[in-house]
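J.: One-letter residues, chain by chain:
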Amino acid sequence: MRVSFTVNGRPQEADDVWEGESLLYVLRERMGLPGSKNACEQGECGSCTVRLDNVPVCSCLVAAGQVEGRDVVTVEGLADFAKQREQHGGCASEASGASAGPGACGTPLDAAKRWEARPSDSQTGEGAELAPIQQAFIDAGAVQCGFCTPGLLVAADEMLERNPTPTDADIREALSGNLCRCTGYEKIMDAVRLAAARQGEAV
Amino acid sequence: MDFLRPASWEEALAAKAAHPTAVPIAGGTDVMVEINFDHRRPEYLLDLNRIGELDDWEVGEESVRLGASVPYSAIMDNLRGELPGLALASHTVASPQIRNRGGVGGNLGTASPAGDAHPALLAAGAEVEAESVRGSRLIPIDAFYTGVKRNALAPDELIRAVHIKKADGPQQYSKVGTRNAMVIAVCAFGLALHPATRTVRTGIGSAAPTPVRAKAAEEFLNAALEEGGFWDNGKIITPSVAKQFAELCSGACNPIDDVRGTASYRRHAVGIMARRTLTWTWESYRGTAARTEGVA
Amino acid sequence: MATDTTADGARATAPVGTPTKVTQGSRTKGGIGESTLRPDGTLKVTGEFAYSSDMWHEDMLWGQILRSTVAHAEIVSLDTGEALATPGVYAVLTYDDLPTAVKNYGLEIQDTPVLAHGRVRHHGEPVAIVAADHPETARRAAAKIKVEYRELPVVTDEASATAPDAPLIHEGRDDHHIGHVAHPNIVHRQPIVRGDVEAARDRADFVVEGEYTFGMQDQAFLGPESGLAVPAEDGGVDLYVATQWLHSDLRQIAPVLGLPEDKVRMTLSGVGGAFGGREDLSMQIHACLLALRTGKPVKIVYNRFESFFGHVHRHPAKLHYEHGATKDGKLTHMKCRIVLDGGAYASASPAVVGNAASLAVGPYVLEDVDIEAIALYSNNPPCGAMRGFGAVQACFAYEAQMDKLADAVGMDRVEFRQLNAMSQGTLMPTGQPVDSPAPVAELLRRVKAMPMPPEQQWLAAGEAADVRQLPGGLSNTTHGEGVVRGVGYAVGIKNVGFSEGFDDYSTAKVRMEVVGGEPVATVHTAMAEVGQGGVTVHAQIARTELGVAQVTIQPADTQVGSAGSTSASRQTYVTGGAVKNACELVREKVLEIGRRKLGTYHPAWASAELLLEGGKVVTDGGEVLADLVDVLEDEAVEVEEEWRHRPTEAFDLRTGQGNGHVQYSFAAHRAVVEVDTELGLVKVIELACAQDVGKALNPLSVIGQIQGGTTQGLGIAVMEEIIVDPVTAKVRNPSFTDYLIPTILDTPTIPVDVLELADDHAPYGLRGIGEAPTLSSTPAVLAAIRNATGLDLNRTPVRPEHLTGMA
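Residue numbers (the UniProt record's numbering), protein chains in the order written: chain A, 1 to 203; chain B, 1 to 296; chain C, 1 to 807.
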């Protein structure tokens, strides 16, 4: 079957999709976006976390056909997504019906559809513009093997959007669906605290 | 495999009637695991994501009509007052990402004894609104679970919604797992006090082939509360009553040994959870009873 | 040279995801000792870093492995006809299709069939492989392969393995261990006998015995086994894969393919964690076979279910210990027997036995010991390397013994350990003196001195209990009822580097030249970066030694000599040592050029003490002699050199005596837990660690390693175990639903106190660090749970049913 949806602000299309394919597979193997990771494919590790119409989900558990016409943000588009959000005044007033529910905030769907992720042709990543949460992960030493990192970044970014001043317990709860096997999570906690603090300073 | 994408509820019912083997997929949190791990190759996948009304809920006088696909996170955020037990149960479901996709309809459709919603539904009192091209019916929750991963749905039926009694008293929910988050229940327990009818209801998960109520325990407690005038005097429930209630809840289990836990542990844990949730709900009732005296 | 003949023209076109060099620029100028940031960090946070499962090639096929559904059986028949006839299927291969006489592989003993030959020895053994144009096509085709098994009796423990009539897992063994084992189902046996245990026992006022069980742990790295094999025009194959040791893979792959090693060109793809589980081959040979057969690139990616069958696990163990102590608390003797279950194939079992035996005493002074360690062959899943192997199992047992002894003597448990702690100069039970700092007592002192976490933190937020801070977490099982706090301590010892006479070396190629008007160092090794941060450290070493800001780290591949394994806590020591050594040789050559070109301008050029700093040649007094740019001009200096640590020797097969190890690593933990004693649920509140690292080349990375290793120890303490059915030998929980690893809500704060006492034998005085924290974490948590519950817990992991008497 054919599937069309928006990824990181760009319309994408995939043909000859087998009906049992997940959104994760289509992103990774058909759209050249392998940033979302395939660690468990059973919704237990969070490494495939993307935002589907703004909501963090495990892309391994979304059937490709279910995404038809919808809007996906992956780690590859996170920096631009965060930048867009910043330019529109953070999560202040633009909540739309497509967001997670009352009190939720974030980039509204129509706004999200207007932006495009920068072309990613960088080989080394040098000079890349990063989202605050991405920079914080590097600075805090929260990246080791890095396989859990994309999912954690998407989840943590979304949490900070909803809750700019999380307690440690809030961070742990929000990230409890993302397994990391390398770090023991301490540096991940540091990174999220750091991103929250920097976000606070910037306001 | 064919992927059916009905745009409306009517289309979905028609598709299910035409293809009774079609597997409904909403949040995908059960179905996709089975597909990814090659445990299941349905002939048809019936996508329900396009049907907006499945994501809606209506709060009525007596009950909440909860659309089958309302995600757990929305229940936690919006229905904590009306459905406190289910909101607590929702919070124990897997991870935030899963709670954003999965809903009660899927839990009912899968009808796994380990489904987190079941004990809360049993305790609160609920009816499953099943619909087919032939019509709609309400299945009492007590009659819904018919065997291990089997339910009372006819092959052409889909779950439209669940009608859950609005809480008229405190409710609690506890679940044991070997991890502090993101864990499938070793066993689970739901308890609801219904001061309006002066009854209690329970629900037990993962400790029998189907989710079950501990009816003997409920009857015992109903009688003990009545006898002691507890509903009126708001006294602390005596330890011996709590103990016997817990034992009867344990006795309602018919568990197995598996990789997640032993049968004897499950019986034991259900008893502990029964005692604790009774204490929590009763303490809460005593608090509110004091405040709302004369109103009820 | 061989490497030159593989001209680029012969190589296949590079697939998407081929690693590229990473240049780290002026933002991080740090040398060793600084917490410089990862050179691959930006790629990893943007999703651009290409892991082995991300590889993609035009026209590629997908490989699928058919695995045995039973643990021990004869293959009566195997029919691939229907699978091969499936549209979209390009190849179906079985044992009969293997191209050469070499049909087995193995790290030390080549006992593992590439594809089963008439018999399967464990659940999940590869039987056939399929290549097709879509993973689903490959899966469906694999399901159409008809295999008829005749089941054989299974061997699952020591009793069934060593019974006189036990089925032999491997008949006709001719490996070098068969001569000294009592039964062909024993892979290897290592006794260590020193002093006189019987006489020493007479001096003991207290004798304590214990029987301990250690469960089978999985590495559970998040990046699944995966890779891409691309056939090349010269008949060879280019293999992109996640591994811990490229050259070891190569040595095992090439003979099976019937290719010379220079025609199997391996490149390290991004590795999503390893922890020992990638030391053995997984999909490498299968992908190459399919690629060579079909003439098309073949990608294989395991799913999580398959991953549980696709790599070896940590050896489960039964350990029997007897210790004695005098009434004033001095250890008198130790006698132990450690039985490790190696499963169906040898993998690293011999080395695991060596470690378990030689480290069975722990970091204590004990002159009279009688130790025996064996590894079994069985029909259980094969076991091999995992972080801290051999030492982890022993530490769990001897630390439980230390608590029991301290209690028997009536001493404080930490003081008892400190009284018996080894120090520099102590003789190991192998007779080898510990010739660098061994601050065991000090580590215990430090970890004990750390402030205790506050009580009842679940009440801190407000009047309602915060269940996230309680045992059971989000599951809402307690609001404080039944919760008891416990505290436990443990300390451990791990060897660093490959031991027992193994020629453990690494190769580094370092190049220095002027690029864009700036001196640039390029470091090329075959070191597997698995997340540990070796690439960060290599750049730091190059900056320190060569005084440059810009360092380029080349992708790891087999175009440079072996860097050994990323295991045994050895990479910073050995490959780091090789990089340092190569840099020193480059520096000498640069200085030679300088002397040749500029020596006449300044007398100091004749000095032996010249340094390269800040892009300049300077004297040790800091006087600048020249810019490196002016010294090098358009010349490039390059050195490729092997570097070895001090040689070791094998342990005597009867007495276990011998200088078998290079270096030791020590860590101590204090665990604070809260246990819901009624439900048997555990919340670890804090896991404090003190570790001696010799020299922290990158403090941020050091702490990250310690915290990560600590958490893996926590996992085996309270939740992680591969459960194998004792009757069928089948794995019962091969998924992340039922094999649980700690989430962020299970993991406590992990304060780390880093001690830096230099080992003068090692580069920069550093000490290998990756494994030690995994040792003492587990027994510390167990001790804390015992402390909270009063239970005598002799197995790990402890699950709720063990803590409630409902097992």
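Where hints are given, some of them may not hold.
Below, a list of computed lysine-lysine pairs in the DSS-like style, where the Cα atoms sit at most 30 Å apart [stated by the list, open to error]:
#1 Lys730/C - Lys149/B
#2 Lys404/C - Lys448/C
#3 Lys83/A - Lys29/C
#4 Lys144/C - Lys327/C
#5 Lys144/C - Lys149/B
#6 Lys263/C - Lys103/C
#7 Lys103/C - Lys296/C
#8 Lys695/C - Lys448/C
#9 Lys29/C - Lys103/C
Chain B side only, calculated, beta carbon under 7 Å to chain C, not exhaustive [as the list claims (entries may be wrong)]:
#10 Val23
#11 His39
#12 Tyr44
#13 Leu88
#14 Pro140
#15 Lys175
#16 Val176
#17 Pro209
#18 Thr210
#19 Leu248
#20 Asn254
#21 Ile256
#22 Asp257
#23 His268
Hint data in this document are derived by calculation from the structure and do not stem from the laboratory.
Here a beta-carbon is modelled for each residue, glycine too, at the ideal position from N, C-alpha and C.
J.: Hint by hint, say whether it matches the structure.
T.: How the hints compare with the structure:
At roughly 24 Å between alpha-carbon atoms, Lys730/C and Lys149/B fall within 30 Å of each other, so this suggested pair holds. Straight-line distance between C-alpha atoms of Lys404/C and Lys448/C comes to about 19 Å, which keeps the hinted pair within the 30 Å bound. Under the criterion of a C-alpha separation no larger than 30 Å, the hint pairing Lys83/A with Lys29/C is consistent with the structure, at around 28 Å. This hinted pair does not check out: Lys144/C and Lys327/C have alpha carbons roughly 69 Å apart, beyond 30 Å.
Pair hint Lys144/C plus Lys149/B holds up; C-alpha atoms about 28 Å apart against a cutoff of 30 Å. Proximity of Lys263/C to Lys103/C is assessed by CA-CA distance (about 19 Å); at most 30 Å being required, the pair is judged to hold. With a CA separation close to 22 Å, the supplied pair Lys103/C and Lys296/C stays within the 30 Å bound. For the hint linking Lys695/C to Lys448/C, the alpha-carbon distance of about 22 Å falls within 30 Å, and the restraint holds.
A threshold of 30 Å between alpha carbons decides the hint, and for Lys29/C with Lys103/C the separation of about 49 Å lies outside it, so the pair is violated. Annotation: interface hint on Val23/B violated; nearest CB of chain C at approximately 17 Å, more than 7 Å. Here the hint on His39/B is broken, as its CB sits about 9 Å from the closest CB of chain C, past 7 Å. With its C-beta approaching chain C no nearer than about 16 Å, Tyr44/B sits outside the 7 Å limit, and its interface hint is violated.
Proximity of Leu88/B to chain C holds as hinted, the smallest CB-CB distance being about 6 Å (cut-off 7 Å). Checking Pro140/B against chain C by beta carbon gives a least distance of about 27 Å; that is not within 7 Å, so the hint is violated. Nearest Cβ of chain C to the Cβ of Lys175/B: about 4 Å, under the 7 Å cut. The hint holds. The criterion of a C-beta within 7 Å of any C-beta in chain C is met by Val176/B, whose closest approach is roughly 6 Å, and the hint holds.
With its C-beta approaching chain C no nearer than about 19 Å, Pro209/B sits outside the 7 Å limit, and its interface hint is violated. The closest approach between the C-beta of Thr210/B and any C-beta of chain C is roughly 20 Å, which is over the 7 Å cut-off, so the hint fails. The beta carbon of Leu248/B is not positioned within 7 Å of any beta carbon in chain C (closest approach about 18 Å), and the interface hint is therefore violated. Proximity of Asn254/B to chain C is violated relative to the hint, the smallest CB-CB distance being about 16 Å (cut-off 7 Å).
Look at Ile256/B: its Cβ only gets to about 13 Å from chain C, farther than 7 Å, so that hint breaks. The restraint placing Asp257/B at the interface with chain C is violated, with a minimum CB-CB distance near 9 Å, outside the 7 Å limit. Given hint, His268/B at the interface with chain C, holds; its Cβ is 5 Å from that chain's nearest Cβ, closer than 7 Å.
Violated hints for the displayed structure, listed by number in ascending order: 4, 9, 10, 11, 12, 14, 17, 18, 19, 20, 21 and 22.
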